[in-house]
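Asker: So the sequence lines, in the order shown, correspond to chains W and P. According to the numbering used here, numbering within the first sequence proceeds without interruption in unit steps and concludes at 416. According to the numbering used here, numbering within the second sequence proceeds without interruption in unit steps and concludes at 339.
I should point out that these hints are in silico values taken from the structure, not numbers from a laboratory. Heads up, some of the hints might be wrong.
Below, computed lysine-lysine pairings styled on BS3-like, alpha-carbon distance capped at 25 angstroms [unchecked claim]:
hint	chain 1	residue 1	chain 2	residue 2
1	P	Lys277	W	Lys152
2	P	Lys277	W	Lys175
3	W	Lys151	P	Lys277
4	W	Lys265	P	Lys216
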Amino acid sequence: MANLRDIRRRIKSVKNTAQITRAMQLVAAAKMKKAQDQALAGRQYADQLNQVLVNLKENVDEESHPLLERREGEKTLTLIISTDKGLCGGLNTNLLKLVRTEETEETTYATVGKKLRIQIEKTGNENIADFVIQDPVPFSEARPIAKFLTEQFLEGNYDKIKVCFTNFVSTLTQEPYCSQLLPIQADKLAEKRAYEGVGKDEVKDTDHAAALSKDYEFEPSPEVVLDTLLPQYLNFQIYQMILESRASEHSARMVSMKAATDNANNMIDDLTLDYNKLRQAAITSELLEITTAMKAME
Amino acid sequence: MSLQLEIVTPEKKIFSDTVSDVYLPGVDGEMGILELHAALVTALAPGELRYLKDGTVHELAIGSGFAEVTQEKVSVLTDSAFGDDDIDEAAEEKAVARAENKLVEVTGKDAEEAAYLQDVIATSQARLLLKRKRR
């Protein structure tokens, strides 16, 4: 068993760690609240946008728009949305695992967030762009990303654009998720996607029965509306995905920091017990020595 | 008379209430919407959205976006929506100046970027117009 001074030193160091993790937990909790609210606020907009798109696609030739065009090739550009900082549990590891299962010979990457960028570059995958996003996320920062991806697609450099991010389900659950951004899958527009607040397996139709029965007029024309609406839709998709990732990140960090604080406190308790036992043993043996000495003197 | 008006931006729901009529800045000009309007989807240009509630006119400066009109409801989806009090005149003036400088730079090179900058300028100018009108 270690001596008293060693144990005292260890208790002190664990206490410091506990203090730090506790502070991080509180910071993450505050940020989590904001990020969650932001992510949830976006879902309202998503619903409305979906509804308009569904009505629209009934009225235009779906294959006519370049962003809807399906191509034969398999060249894929995957945008990975990870975190800038670590200490958030298995968030990035889980995302990376999913990314690897989706990977093919013809996959190239672009990244948001430092953690997986480093991973991707380390393993020698091609990373053609890296974006840095502030916290909290302003809507305007999603636009350059959407623009970049759209250009890559329209210029024919890639046949498919995918986005991998972490979907926020609840404070305790976040799941990695990959979805195809381009070409836009017109037949799937009506479905609620995972990042709009429903679980992965319960993809369901938005409530359109009522809306579809109406005969919509388009001003100035369905084509013009579609032309302006699709880029808007992409911007918003990217924005919402980043929000979901952010909400996941802060939630995961809070949970793992809480676990770390709890562990540190348990450890302090154990060490204090050891320390007291040792102290008691020391006193007992000291007393014994004194009594023995006294006996010897007699 | 009741018409439900909803204004949503990606960041939050700005407004949701019953109003008596709404004037939208459509891409081809302003349009007034009353109750029982035919179902309509329209693209919106940056400009001034007005609605009449309890006899008073309220104004918002909105960015580009869309509106979906049904007989009893108008849903406006836009990049941004600001009331008179939320507009910072100096900041908007700076934004216009900055965007105009950049516009000169990209004109003829990047059509998409230029279109975006024009949109930014129009949005800021719509806000300034609203702010100044009130004085």
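Asker: Now look at each hint and say whether the structure bears it out.
Answerer: Results of checking the hints against the structure:
Between Lys277(P) and Lys152(W), the direct Cα distance comes to roughly 30 angstroms. Violation of the 25 angstroms bound is thereby established for this hinted pair. Between Lys277(P) and Lys175(W) the CA atoms are separated by roughly 21 angstroms; this keeps the pair inside 25 angstroms, and the hint holds. Restraint check: the Cα-Cα separation between Lys151(W) and Lys277(P) comes to about 32 angstroms, which exceeds 25 angstroms; the hinted pair is violated. For the proposed pair Lys265(W) and Lys216(P), the alpha carbon gap of about 23 angstroms is at most 25 angstroms, so the pair holds.
When held up to the earlier numbered hints, the structure conflicts with 1 and 3 and fits the remainder.
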